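Chains as they are written, first to last, in our numbering: chain A, 1 to 317; chain B, 1001 to 1288.
Simulated from the structure, these hints should not be mistaken for laboratory data. One thing to keep in mind: the hints can contain errors.
With a Cα cut of at most 25 Å, we get these calculated SDA-like pairs of lysine to any residue [what the hints assert, rightly or not]:
| no. | chain 1 | residue 1 | chain 2 | residue 2 |
| --- | --- | --- | --- | --- |
| 1 | A | K171 | A | I294 |
| 2 | A | K304 | B | R1085 |
| 3 | A | K103 | B | I1087 |
| 4 | B | K1277 | A | H105 |
| 5 | B | K1277 | B | I1265 |
| 6 | A | K303 | B | P1090 |
| 7 | A | K103 | B | E1219 |
| 8 | B | K1277 | A | E120 |
| 9 | A | K103 | B | I1070 |
| 10 | A | K171 | A | L161 |
| 11 | A | K103 | B | N1032 |
| 12 | A | K302 | A | H101 |
| 13 | B | K1185 | B | I1070 |
| 14 | B | K1277 | A | H101 |
Just so we're clear, the structure is a prediction, and the values are computed from it rather than from any experiment.
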Amino acid sequence: MRHLLILAILVIAMGLLPIFASNYTLRLGTMFAMYAVLAQSWNIIGGFAGYPSFSTAAFFGLGAYTGAILQTQGVPMPIAWISACLVVTIFAACLGIAILHLKGHYFAIASLVVAEVLLEITTSWTDLTGGGMGINLPILRISIEAQASLFYWSMLLLALLALGLNFWVSKSRIGFALRCIRQNEDASAMVGINTTFFKVVGFALSAVLVGGAGAMYASWVFYIEPPDVYSVLTSVKPIVMALLGGAGTVFGPIIGAAIFLTMEEFVWRSFLSIHAAVLGLIIVGLIFFLPHGILGLLSDIKKKSIRKRGSSPGVEE
Amino acid sequence: MLTAQILLNGIVLGGLYACIAVGFSLVWGVLNVINILHGSFVVLGSYIAYFAYTYLGIHPYLSVPLSGIILFFVGFAIQRGVINRVIAAPVLTTLVLTFGLELIVNNAMIIGFSADYLSINLQNPLGSKLIGGLVLPLDRLVAMLLAIILTVILYYILARSRIGRAIVAVRMDAEAAALMGVEVKKIYAITFGIGAFMAGAAGSLLSLVFPISPLNGTEFLGIAFVVCVLGGLGSISGAIIGGLALGAIQSFGALWFGPEHGLTIAFALLILLLIFKPTGIMGRKGYE
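Construct the entire structure; sequences and hints are all you get.
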């Protein structure tokens, strides 16, 4: 109930933003929604199933290029976005079948390298993708303000879909199966969970909205190039956000995305030349001081205070 | 003749790749940590060689121990101070942590040395020799031989010395090793240090072959990934065979597909291997 209340306040605040805010704030709002999509999507495979996936950049880049290429061919923007979701989902399902039998570091490396291979293919396939020159997308014939709020609303809708997807997965059989896999994959298989099937489904679900976010991003910024959309940081940031908020929880990734964006924006503005190092410091600090994320920290504090109140004097715990 | 020449170039490159990968493989095998910093360690080694040559006139062959020892202490300190605290955490934690450290080190290098490409121009290069129609690039050949010698020395250290046996014991079963009186955390730090030593030494040797820039770190890390998976994780012979194989494959790949696709071919190969034969060519073996 309390969660729903927080959510309602958040949605109303986000809804009022375009009325009062400047374009800059609206841009930040769009970034926040995009980060929330990426972090929540990663949460399905990385948080619920515990698979260290570094393939967000691959899905994001593939979605961005699918959307961009379709749009330059004259396909209307919304259809290009939906097609990007479909293409990326199919790609993720095939990739999942191929690499989800790997565990631990092997899976991490395989998922990390996929983005590099896609980057190289995209750069080399000049006829289709424009190669290293990148792609210019068709300009929208509406005012700058209208564009800003259009992409804001679209991205926010995607973020709400991502939240709904997380909520649904966590309540459904899929979420149950993925949590079992995180705890002990062999035991899950033993009690009759079709682990391969659920892992592939989880992986595909973690990709579908990332593909959409990539395509929206491409339409939003009008110009994409391979190193921009396939950057390894696109894979790492969602992980950091999810860990920051609390991986494997429904609301953790959103909270993490908000905190991360605030820090990133501050760092970008104040220390441009060392922003990578500051990001590194944030990561190191996160792992040492917040190993279970903010939500983990809150529940620890709650548990402690309950224990304090519950234990009567003279009784050893 | 062309084929033989390309094979030779590939093998020369492959020996250096083996030297890059062997330290990475050791750390992965013993600590179960993927050290994303490894590529930057190699680059740091190259910078040490560059400065030693430019300001002190020390030939890169001779700066190998210097880079190695400096990097050993860097690695030892990082492991002791930072990574050891979360060594038992899940894969994701150590992976993200070393990634964060890599961002810091790489950013520091870009600020300290700038991202411009530097290269060492030897005053008296050995040049190249024509034998039986094959061009032997002598500078590189010696670098490759030194790399292989270092790798073999590491093999003997692990197989014969007290500390080496302790490392192998920790790799096999850390708890049992602790019960036998091995200080596991110290061994972890030493192993990480040795991994960094090999990276630094490789960096010194590579300064003769590749231009030096912080931006190259990713490529060296990628090479270490591929060699480890190709040769099989955790064995030194695997790293040598994987390195030589990757060198040869890249050289032929450059011939058939163009030199700019070298790393792509390696990565595509990596994914195929992970899908079909994740244990690598040599299978899974220890450090014996």
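Next on the checklist: Against the 25 Å threshold, does the CA-CA distance of K304/A and R1085/B hold or violate the hint?
Outcome noted: Holds, at about 24 Å.
Checklist entry - Are K171/A and I294/A close enough, with their CA atoms no more than 25 Å apart? => result Within the cut-off at roughly 22 Å; holds.
Checklist entry - Can the restraint linking K103/A and I1087/B be considered satisfied, given a maximum Cα separation of 25 Å? => result Answer holds: K103/A to I1087/B is near 18 Å, not above 25 Å.
Item to check | Pair hint K1277/B and H101/A, alpha-carbon separation not exceeding 25 Å | outcome: 11 Å, holds
Item to check | Pair hint outcome, K103/A versus E1219/B [Cα-Cα no greater than 25 Å] | outcome: Roughly 24 Å between the alpha carbons, so the hint for K103/A and E1219/B holds.
Checklist entry - Under the criterion that the straight-line Cα-Cα distance not exceed 25 Å, is the pair K1277/B, H105/A satisfied? => result With a Cα-Cα distance of about 15 Å, the restraint between K1277/B and H105/A holds, given a limit of 25 Å.
Checklist entry - Going straight from one Cα to the other, do K1277/B and E120/A come out at no more than 25 Å? => result 24 Å, holds
Next on the checklist: Between the alpha carbons of K303/A and P1090/B, is the straight-line distance 25 Å or under?
Outcome noted: Holds, at roughly 24 Å.
Checklist entry - Are the Cα atoms of K1185/B and I1070/B separated by 25 Å or less? => result 21 Å, holds
Checklist entry - Are K302/A and H101/A close enough, with their CA atoms no more than 25 Å apart? => result 38 Å, violated
Next on the checklist: For a C-alpha distance cap of 25 Å, please report whether K103/A and N1032/B respect it.
Outcome noted: 13 Å, holds
Item to check | Given pair status - L161/A, K171/A, alpha carbons within 25 Å | outcome: Holds - the C-alpha atoms of L161/A and K171/A are around 15 Å apart, at most 25 Å.
When each numbered hint is compared with the structure, violations occur for hints 9, 12.
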